[in-house]
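> In case you want the letters, here they are:
There are 2 protein chains.
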Amino acid sequence: MNFSVQVKVMPLKELLDPQGKAVMGGLQNLGIKTVQDVRIGKTIQLQVDASSSDEAKKIAEEASRKLLANPVMEYYEITIN
Amino acid sequence: MNFSVQVKVMPLKELLDPQGKAVMGGLQNLGIKTVQDVRIGKTIQLQVDASSSDEAKKIAEEASRKLLANPVMEYYEITIN
Chain W
742 MNFSVQVKVM
752 PLKELLDPQG
762 KAVMGGLQNL
772 GIKTVQDVRI
782 GKTIQLQVDA
792 SSSDEAKKIA
802 EEASRKLLAN
812 PVMEYYEITI
822 N
Chain L
742 MNFSVQVKVM
752 PLKELLDPQG
762 KAVMGGLQNL
772 GIKTVQDVRI
782 GKTIQLQVDA
792 SSSDEAKKIA
802 EEASRKLLAN
812 PVMEYYEITI
822 N
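In order, the protein sequences belong to chains W and L. Sequential numbering of the first sequence, starting at 742, is according to our numbering. Sequential numbering of the second sequence, starting at 742, is according to our numbering.
These are calculated hints, taken from the structure and not from any lab test. One should not assume that every hint holds.
Just so you know, same-sequence chains aren't split out, so a pair can sit in one copy or run between any two.
[What the hints assert, rightly or not] Here are the simulated SDA-like pairs of lysine to any residue, each with C-alpha atoms no more than 25 Å apart in a straight line:
1. Lys-799 with Leu-756
2. Lys-799 with Glu-755
3. Lys-774 with Arg-806
4. Lys-807 with Ser-745
5. Lys-783 with Leu-771
Computed from a predicted structure; not experimentally measured.
Using the sequences and the accompanying hints, generate a full structural model.
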C-alpha cells in the first residue's frame, strides 16, 4: 500500500532563525504588523510503499534521522495523511 | 489573543521538484528504497496577534498571498493550531 507521509522539519526553538526574522521584517514593511514571530522550516512529503501505516512511519523516521533533519539544529515531526 | 498559524507552501503538483528528486536519490543511496516520491516545500509558523482565529487566518492568508508563496510555482495551506 502507498502512504503519504509528511515530515515537518523546524529549527530548534532555542536557536535564532534569521530567515524567519527577515520574513517578519518583510511582512511589517508590507503593513502586516500583527505578526509577532516567524519561524521557517521544511515540509517533506514522502510517498512510501509499506504494508501498514506503522511501517510507513518507521521508514519516514529512518529517513528523517539519516538524511532529512540535522538534530543539532532541527527537530522533526512525522504525520501520516 | 495570540494564535499560532502554520502555512505550508508546496511546489504545484504539475511542476517538477528537483530538490525532492535529489533527496529521493539520496534516500535510495542510503538503502531506503521504499520511498517512491519526495516533494519538498516550506513550513512557516506565524505567531499572530488577533481577536479571533478567523481574523488570524485572514492575516495569514494576506501574508501568504503577498509574500510567502509564489502562486506561479507554489500553493499554500493554512492551519491554525
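> Now tell me if each hint is right for this structure.
Here is how each hint holds up against the structure:
no. : hint                 : verdict
1   : Lys-799 with Leu-756 : neither (28 Å within a copy, 28 Å between copies)
2   : Lys-799 with Glu-755 : neither (27 Å within a copy, 29 Å between copies)
3   : Lys-774 with Arg-806 : between (37 Å within a copy, 15 Å between copies)
4   : Lys-807 with Ser-745 : within (19 Å within a copy, 29 Å between copies)
5   : Lys-783 with Leu-771 : both (24 Å within a copy, 21 Å between copies)
Comparing the model with each earlier hint shows violations of hints 1, 2; every other hint is respected.
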